[in-house]
Structures are given as structure tokens and as C-alpha cells.
Amino acid sequence: MNLVITGIIGLIAIFLDVATSTSFINVGAFTAFTLVNASVVFHYVRLRQRRAGQQLTPVSNVVVPVIGAILVSLFCGPLGPEEGSL
Numbered sequence: 237m238n239l240v241i242t243g244i245i246g247l248i249a250i251f252l253d254v255a256t257s258t259s260f261i262n263v264g265a266f267t268a269f270t271l272v273n274a275s276v277v278f279h280y281v282r283l284r285q286r287r288a289g290q291q292l293t294p295v296s297n298v299v300v301p302v303i304g305a306i307l308v309s310l311f312c313g314p315l316g317p318e319e320g321s322l
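When you read off a place in the sequence shown, starting at 1, and then add 236, the result is the number in the numbering used here.
Hints are computed from structural coordinates only; laboratory data are not their basis. Hints may be right or wrong, so weigh each one.
[Claimed, not checked] Quick list of simulated restraints, FRET-style, between CB atoms: (1) Val281 <-> Val254: 17 to 25 Å; (2) Arg282 <-> Thr242: 38 to 46 Å; (3) Ser275 <-> Phe311: 31 to 39 Å; (4) Ile306 <-> Val281: 14 to 22 Å; (5) Ile248 <-> Val302: 17 to 25 Å; (6) Leu247 <-> Phe278: 20 to 28 Å; (7) Val302 <-> Gly246: 33 to 41 Å; (8) Leu247 <-> Thr293: 32 to 40 Å; (9) His279 <-> Met237: 44 to 52 Å; (10) Ser296 <-> Ile244: 37 to 45 Å; (11) Ile303 <-> Met237: 36 to 44 Å; (12) Gly304 <-> Val254: 27 to 35 Å; (13) His279 <-> Ile248: 18 to 26 Å; (14) Thr293 <-> Leu252: 27 to 35 Å.
Quick reminder that beta carbons are idealized off the backbone N, C-alpha and C, glycines included.
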């Protein structure tokens, strides 16, 4: 079934021009980077609830990923209006 779904998506991609397919890749990559940063923060919160006795550093587990998510959001802005509407 996965092969059929992948084949259908591949056939749809035949009708896209290079600019549109590139914008899909850009938006997908920036979304993935943002979700990775968010998952680090959620993982930190979950570990902090489980291990109350251990010292977890909020700088490396919260501040840095939030800064990373902000930077990724700033990088998404100049991509152009067509990428934002996908």
C-alpha cells in the first residue's frame, strides 16, 4: 500500500515545475526543523517531571531550542509568498 501511495505522489510531482517543488522541499524542511526544536522542549518538560531529583539545565534544553525555532521562523519569512501559501 505504501508503494502505491508513493507512486501516486510521484505521478503528481510530474506536473509541478521546479519552483513549486523546491518550495515544497523548503517548507517541509523548515517545518521539520521547527518540530525537532519543539520536541526537545517537550522532552525536557517530560524528563523534568519524571526526574525531580536531578538537575536538568533549562538553558540547553529550553532556551537554545526556542532560539532555534525563532531563527527557523525568521528564515521562512524571506522564502516568498508562494512558499507560505503551500
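Evaluated hints:
A C-beta distance of roughly 41 Å is found between Val281 and Val254, which places it outside the suggested range of 17 to 25 Å. Checked against the given bound of 38 to 46 Å, the beta carbons of Arg282 and Thr242, roughly 33 Å apart, lie outside it. The beta-carbon spacing between Ser275 and Phe311, approximately 19 Å, falls outside the hinted interval of 31 to 39 Å. Separation of Ile306 from Val281 is about 18 Å and conforms to the stated range, judged on CB atoms against 14 to 22 Å.
Between Ile248 and Val302 the CB atoms are about 36 Å apart, so this pair departs from the stated range of 17 to 25 Å. Between Leu247 and Phe278 the CB atoms are about 37 Å apart, so this pair departs from the stated range of 20 to 28 Å. At about 37 Å, the CB distance of Val302 to Gly246 agrees with the hint of 33 to 41 Å. For Leu247 paired with Thr293, a C-beta distance near 49 Å fails the hint of 32 to 40 Å.
The hint said 44 to 52 Å for the Cβ distance between His279 and Met237, and at roughly 31 Å that hint is violated. At roughly 42 Å, the beta-carbon separation of Ser296 and Ile244 lies within the given 37 to 45 Å, and the hint holds. Remark: the range hint 36 to 44 Å for Ile303 to Met237 is upheld by a beta-carbon distance near 41 Å. For the hinted restraint 27 to 35 Å between Gly304 and Val254, the CB-CB distance of approximately 29 Å keeps it satisfied.
Judged by the Cβ atoms, the range 18 to 26 Å given for His279 and Ile248 is violated: they are separated by roughly 35 Å. In this structure the hint that Thr293 and Leu252 lie 27 to 35 Å apart at CB is violated, the actual value being about 44 Å.
Of the numbered hints listed earlier, those contradicted by the structure are 1, 2, 3, 5, 6, 8, 9, 13, 14.
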